[in-house]
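Novice: Sequence:
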Amino acid sequence: MANALVPGLARRGAVVDFLVPPTTHGIARRMPDVTTVHELNVARGALGLRERLEVASRIRQRRFDWAIVLPNSWKSALAPFLAGIPRRTGFTGEARFGLLNDRRKLDVQNLPRQVDRFASLANVAPSNPRLEANALSGEELLRRFGLHLGGRTLVALCPGAEYGPSKRWPAERFADLARRLAGTGAAVCVLGSVRDAGLGATIAAGSPALDLTGKTKLYEVVDILSVADAAVTNDSGLMHVAAALDVPVVAIYGSTTSAFTPPLSSRAVAIGEELPCRPCFKRECPLGHLACLTNISAQRAMDALHELGVAGA
1019 MANALVPGLA RRGAVVDFLV PPTTHGIARR MPDVTTVHEL NVARGALGLR
1069 ERLEVASRIR QRRFDWAIVL PNSWKSALAP FLAGIPRRTG FTGEARFGLL
1119 NDRRKLDVQN LPRQVDRFAS LANVAPSNPR LEANALSGEE LLRRFGLHLG
1169 GRTLVALCPG AEYGPSKRWP AERFADLARR LAGTGAAVCV LGSVRDAGLG
1219 ATIAAGSPAL DLTGKTKLYE VVDILSVADA AVTNDSGLMH VAAALDVPVV
1269 AIYGSTTSAF TPPLSSRAVA IGEELPCRPC FKRECPLGHL ACLTNISAQR
1319 AMDALHELGV AGA
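In this note's numbering, each residue carries its 1-based index in the sequence shown increased by 1018.
Please keep in mind that the hints were generated in silico from the structure rather than gathered at the bench. Quick caveat: nothing in here was measured; it's all calculated off a predicted structure. C-beta: ideal position from N, C-alpha, C; glycine also. Any given hint could turn out to be false.
Derived DSS-like pairs: lysine-lysine, alpha-carbon spacing no greater than 27 Å straight-line [stated by the list, open to error]:
hint, residue 1, residue 2
1, Lys1093, Lys1123
2, Lys1093, Lys1300
3, Lys1300, Lys1123
Distance ranges between label pairs, derived from CB positions [as the list claims (entries may be wrong)]:
hint, residue 1, residue 2, range
4, Pro1050, Gly1203, 31 to 37 Å
5, Ser1091, Leu1167, 38 to 44 Å
6, Gly1203, Gln1079, 21 to 27 Å
7, Arg1078, Asp1120, 17 to 23 Å
8, Gly1232, Asp1321, 29 to 35 Å
9, Ala1143, Val1212, 33 to 39 Å
10, Thr1312, Pro1040, 30 to 36 Å
11, Phe1278, Gln1079, 34 to 40 Å
Please work from the sequences and hints to get the whole structure.
Specialist: Here it is as structure tokens:
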């Protein structure tokens, strides 16, 4: 979603760099019009002042005119301040007086989507994010893991979601979907980080899906997704990756809503249950039933793939 403001800046002739944590370095380096990616290796929740000072010293040499701080945390505004970047823009939040000198008040009514909010900080209209991938590398990776497509439809399942359980469609539903897809002759792989390995193992144990969770780097996931005919995901980072690759996406929403973080693609179908308690935006179901996810069947995801015209589904 951060990539949505880059095309507008590039059209103005701006040179755009990204400052990112190691987890998203592989994504940022695949973004068109991003010149350089700088890494800030600080553990989540840690101040990491020494690392921030070192990074600030390095980026000071680039003589930036403007820093656009997308997260709302106090710590995220430290490095641009320490680097002496003259204009530092971000939304008011977490007492960032002084760290930011161009503080904006968030207009929730007029900026309903996260992508609109990011782009507004750069004073540009949001563009649908795009990523560059190496399809040949993706095909080679699949062969290395023993998956030879032979002309078959490939559907990637992405069962993870960093936010929490209330965003994760049950692994058993993904396994059911994988069995249905395999029954049509499609090939199925499961993608995710090492933190998703338990979900991947459960899906693979109950279906013919090839489990690649935790076995690939993020930029390799980008390459594999680029050769997929479709992806079925939660409301997660990989949902946005698939959309940015123009891969047809079936996005399953639990506690969140596509009105706030939709897959930014014309080839996407969002699935969600209409319940009085949804969206609650909680990490875990406050009512303990997770009906917003468990009520969604594998057949419903199959129907959405049909709607997207995915052959073999």
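Novice: The structure should be examined with respect to each hint, and the outcome stated for every one.
Specialist: Hint check:
A C-alpha spacing of about 19 Å is found between Lys1093 and Lys1123, which places the hinted pair at or below 27 Å, so the restraint holds. For the hint pairing Lys1093 with Lys1300, the CA-to-CA distance comes to about 23 Å; that is within 27 Å, so the pair holds. Proposed proximity of Lys1300 and Lys1123 is supported: the alpha carbons are some 24 Å apart, at most 27 Å. Under the hint 31 to 37 Å, the C-beta atoms of Pro1050 and Gly1203, about 35 Å apart, fit the expected range.
Checked against the given bound of 38 to 44 Å, the beta carbons of Ser1091 and Leu1167, roughly 43 Å apart, stay inside it. Between Gly1203 and Gln1079 the C-beta distance comes to about 55 Å, which lies outside the given range of 21 to 27 Å. Range check, Arg1078 to Asp1120: Cβ separation about 19 Å, and the 17 to 23 Å hint holds. Roughly 30 Å separates the CB atoms of Gly1232 and Asp1321, a value that falls within the hinted 29 to 35 Å.
Between Ala1143 and Val1212 the Cβ separation comes to about 37 Å, which falls inside the hinted range of 33 to 39 Å. As the Cβ distance of Thr1312 to Pro1040 is approximately 34 Å, the hint placing it in 30 to 36 Å holds. Checking the proposed 34 to 40 Å range against Phe1278 and Gln1079 shows it holds: the Cβ atoms sit about 38 Å from each other.
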